[in-house]
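Undergrad: Read off the chains here:
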Amino acid sequence: MAVNEEATITATTTKASTKEAVRARRVAIERRARLIQIGRIIAIIIIVLISLAPLYWTFITSIKSPAEATASPPTLFPHSFTLDNYIQDFTSSPFFLLDLRNSFIISVITTVLCLLFGVLCAYALARIKFRGRTLVQATVLSVNTFPFIAIVGPLFVLFTGSFYIYNTYAALIIPDIVLSLPLTIWLLTSFFKDLPLDLEEAARIDGDSRLGALWHVIVPLTAPGVFAAAILSFIAVWNDFIFGLNLATDSSAQPVTVAISLFNGQYSVNYGQLAAAAMIVTVPLVILVLIFQRRIVSGLTSGAVKG
Amino acid sequence: MASQVVETVPENEKPPTLLARIRTESGFLPYILVLPTILLILVVAVYPILNSVYLSFISDPLGATGGAFAGFANYVAAWNDSAFRTSFGTTIVFSVISVILETFFGMLVALLINQAFPGRGLVRAAILVPWAFPTIVSAYMWLLMYNDQTGFISYILQGLHLLAPGSSLIQTTSGVIIASIITDVWKTTPFMTLLILAGLQVIPGELYEAAHVDGCSRWQQFWRMTMPMLRNTLLIALLFRSLDAIRVFDLFYAFGKRSVPSMASQADFNMFAGTNADFAPGIAEAVIVFALGLVISIIFVSMMRGVFKDND
Numbered sequence: 001m002a003v004n005e006e007a008t009i010t011a012t013t014t015k016a017s018t019k020e021a022v023r024a025r026r027v028a029i030e031r032r033a034r035l036i037q038i039g040r041i042i043a044i045i046i047i048v049l050i051s052l053a054p055l056y057w058t059f060i061t062s063i064k065s066p067a068e069a070t071a072s073p074p075t076l077f078p079h080s081f082t083l084d085n086y087i088q089d090f091t092s093s094p095f096f097l098l099d100l101r102n103s104f105i106i107s108v109i110t111t112v113l114c115l116l117f118g119v120l121c122a123y124a125l126a127r128i129k130f131r132g133r134t135l136v137q138a139t140v141l142s143v144n145t146f147p148f149i150a151i152v153g154p155l156f157v158l159f160t161g162s163f164y165i166y167n168t169y170a171a172l173i174i175p176d177i178v179l180s181l182p183l184t185i186w187l188l189t190s191f192f193k194d195l196p197l198d199l200e201e202a203a204r205i206d207g208d209s210r211l212g213a214l215w216h217v218i219v220p221l222t223a224p225g226v227f228a229a230a231i232l233s234f235i236a237v238w239n240d241f242i243f244g245l246n247l248a249t250d251s252s253a254q255p256v257t258v259a260i261s262l263f264n265g266q267y268s269v270n271y272g273q274l275a276a277a278a279m280i281v282t283v284p285l286v287i288l289v290l291i292f293q294r295r296i297v298s299g300l301t302s303g304a305v306k307g
Numbered sequence: 001m002a003s004q005v006v007e008t009v010p011e012n013e014k015p016p017t018l019l020a021r022i023r024t025e026s027g028f029l030p031y032i033l034v035l036p037t038i039l040l041i042l043v044v045a046v047y048p049i050l051n052s053v054y055l056s057f058i059s060d061p062l063g064a065t066g067g068a069f070a071g072f073a074n075y076v077a078a079w080n081d082s083a084f085r086t087s088f089g090t091t092i093v094f095s096v097i098s099v100i101l102e103t104f105f106g107m108l109v110a111l112l113i114n115q116a117f118p119g120r121g122l123v124r125a126a127i128l129v130p131w132a133f134p135t136i137v138s139a140y141m142w143l144l145m146y147n148d149q150t151g152f153i154s155y156i157l158q159g160l161h162l163l164a165p166g167s168s169l170i171q172t173t174s175g176v177i178i179a180s181i182i183t184d185v186w187k188t189t190p191f192m193t194l195l196i197l198a199g200l201q202v203i204p205g206e207l208y209e210a211a212h213v214d215g216c217s218r219w220q221q222f223w224r225m226t227m228p229m230l231r232n233t234l235l236i237a238l239l240f241r242s243l244d245a246i247r248v249f250d251l252f253y254a255f256g257k258r259s260v261p262s263m264a265s266q267a268d269f270n271m272f273a274g275t276n277a278d279f280a281p282g283i284a285e286a287v288i289v290f291a292l293g294l295v296i297s298i299i300f301v302s303m304m305r306g307v308f309k310d311n312d
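In order, the protein sequence lines correspond to chains G and R.
Mapping to our numbering: the first sequence position 58 is 58, numbers consecutive.
Mapping to our numbering: the second sequence position 113 is 113, numbers consecutive.
Please keep in mind that the hints were generated in silico from the structure rather than gathered at the bench.
Glycine is no exception: its CB is placed at the ideal position from the N, C-alpha and C atoms.
If you want a taste of the chain G side facing chain R, the calculated C-beta under 8 Å gives, among others:
#	residue
1	SER72
2	VAL140
3	ARG210
4	VAL289
5	GLN293
Chain R with its partners taken away, still in its complex shape (with noise of 0.2 Å):
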């Protein structure tokens, strides 16, 4: 049928319209389902990131005298700003710490919990529960652990005399990076022990018992057959982990304040808690924030080509 049909259409008939193309296939409701979530995402996440970008070149956009173009002056300002220049160290310290540990720590509970054992559901709901936490609620639970006086964590500390007697791990920039590691490392390892976890039961049990007629030792098994089926699972959740990671606001803006803030609490403080001259540097010093990202995302989504082609 199709084949005579394509040997009947003169060679210079135009092709379908779009339109024409549209009714054939579908008809209009796709498009028609898509419109309410397109236009949300387009009014609420796509229009503000776009508008952060244009602002960032404007002078003092909430300035009654402001609204010029501004050419690159807000991101020198962004840049002269010390407390952003080191909070970029900041940053990515914690991103690349906490990534690595939650993966390690990820890997290894899925591998301790993947074989079935009775009370499996309450401890996989019980690893599940600081997941569930508002970060920054998160964030002051552990306060109460990292108390110079009162906190646990500070107690074990200054008995190991790794802290001063009445100090605590908050007090300098490096302990306010490893109290934010830590929390988010307790927090964020369910997430990566789930992801592990599914992918590690999809890998059919076949292939174990395969290896080890072959001879093969668990150590082999896991790094010939377990890591390179899970990559796919893992570069997933390694992509949203740090993207999160480089936007950490909560944690910081509960343990650093502003004396140690992370990239995204000190744009914040900026555009909120400064003067109108601030804002501005504090909108460029956010879509620096959102060019790491992307920076991240492509830098991923090009190791994992591939990964998505299973979408059509």
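In isolation and in its complexed conformation, chain G is listed as follows (with noise of 0.2 Å):
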């Protein structure tokens, strides 16, 4: 390409013809411009295509009517509309109900637990500087690497033993802590460092203590932090299924995830139901992230860059 251009340049005497290869280089090189581009754009929809399949196939699945959910094969665009599946999921399992109750309580209540001590934590590791802070923050990250398989037995002997808490909300709020703990101080910490440290000397030549400065000024200021955190607390609570599985027995303390998971049963299995349940529990979390993308992908990256 560039030899060929040199040659046309060098070998052309007139003012004319250079112009026009010049033009004709120009062009060739935005069509290729213009054909990765279409290629990209291509690719992404793709992409977004795969990414909502399931939730497509979920939602159509779930408003069939019985005959055509039922037939072989499958149609991809529903012939039927029936909202029977979402009322069925309402009265004729009770407990799927109840279950969305316990699943909504539990992660309101370990979500504001985890940020209570998470801002406590986080505020000491960004902002003071002591002995075994180091060690903290290693502590604190290790809880990562644990398999809640490996922490849910001992649980469970310790709630239906000497600790009798088996089948409430406390039995499965205190395990979800350790879901959530870590990824909020982690979170925390990163966004409490990103704080001038005028702001809070200000505060506190006021005549704010640490902790006032803490509540009065770093929290309201990280506060899209904070909330990113709470977010992202409230999804991974939302979302467990081994503790709820293994720590409740029943609808008085059950999560949605564990009730999901009833519909698929041993002997039966109800598409229909199923389809519904599901987009019942993650509609709120697709509204949820559309709203507040940008927070929970500043959340979801903030430790990972900064290391």
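Given two chains presented individually in distinct reference frames, assemble the corresponding complex, making use of the accompanying hints.
TA: Laid out in structure tokens, this is it:
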């Protein structure tokens, strides 16, 4: 290409043909750029379609009439529309609504607790130099490496024995803290570190105590970060399955993730109801993600890049 | 000032006590602030793990007559549990393939959406959607598509003669592993993409301009600049993904049930769906999952010495 162009430029003597060659080259480059751009757009569309395909399939399964839902071959665009599966979820499966309520209560309480403990701990880690800080940081981080399967057994023994709280909210809130506290602290520490020191110093010169400055200056100023931590914590707890499966036995504490698995029973599966239940559990998450996309992304990535 | 003080201190005087040093540095405040967290972590995470290790050496801890030290009997029982032995291979194959695919696709998607384009926020939100779903619910969503009669994927695979008519992916061991890998890649690639994207955006654009001026091809730029600069981000992401993959539970609980379990789901079946005598071997199996995670952590942390240096 370049050699060709040089040859063209040196060989031609008239300005007109030089201009023509330059224009031809620019057209070729532009066409190539446009092709790359189109290829990229197609690839991105395919990625988005794949991301959303299971959600679409679940949705159409949930609204198909029983006849269409069990027909083979399956239809990609439903011909029938019914809300029966949603109604059935709530009327003929009483555990579903109760478990939905349980999940909500457990997720909110756990998130609040994690924020409370997390803000205090993260403030110390981000703003105060003290002996053992690295050790605390390493301990918090190492919790991420613990498999929940190795935690749930002893907790079961404890919660059904000397410290009997099996099948209560407490039995799930306590282990669920493990799911979200390390993440919360990790995030808040990086958000607190980013805040200029002068602001906090100004507040303390004005007579605020350290904790006063934390409450009056740092938390309000890092509110978006605190909020991101809260969303991520809520999602982590909402998504728990292993603790809910083993530390609760009925709808007095059982979370909705376990309720969903009950629709896929050992002997019978009601795909329509299963799909409707999956929609009910995931749609709030989809809405959360769409509204708070930017904050979730900043939260998920803040720790990893800065190390 | 400081040097004067040092000079005047007689050599035989004791160094300040720990208590005194704590007072002079920042007082007790930081310790009070981290105390609730540390207590929680000790009670809810560290104690159960250590207790698991302890219980794995006790015979029948739930039984009336049990409770005696059993040596490695539970580990022998775990190894004699043929379902667990198979699940070891299943879990390793699942982990290696899914982590490799997630890294590859995560890199690909991150490079695709690294440059700004109209609607980028929406695209980012769309690929974030799978990440937000509970794994167990994602598994059931895919189960609807894997279904032998009415599932979209089974229909396509049957049409391509990759599956016999009327059969589905999740009827064979390798099929369950493939189904789990597909679902995991779908669900976790967004996480990889976001981490890699964040890593990419830290690399200054001038570097690429300079490389371009120096005549580097895009391929060379990727391998010589992008990859080395992403190294630490990638290692952290790989560590978290590998640890998650080795303890995979929900996917195999939904797809494999009792016939094709992962290590964690087999341990769970033994602990909670078996007899009292199965409990301790189940605990031993869970401890093996924990030990594998430790090995993975040690390997990765030794590879990224220096990443955590700037913590202090």
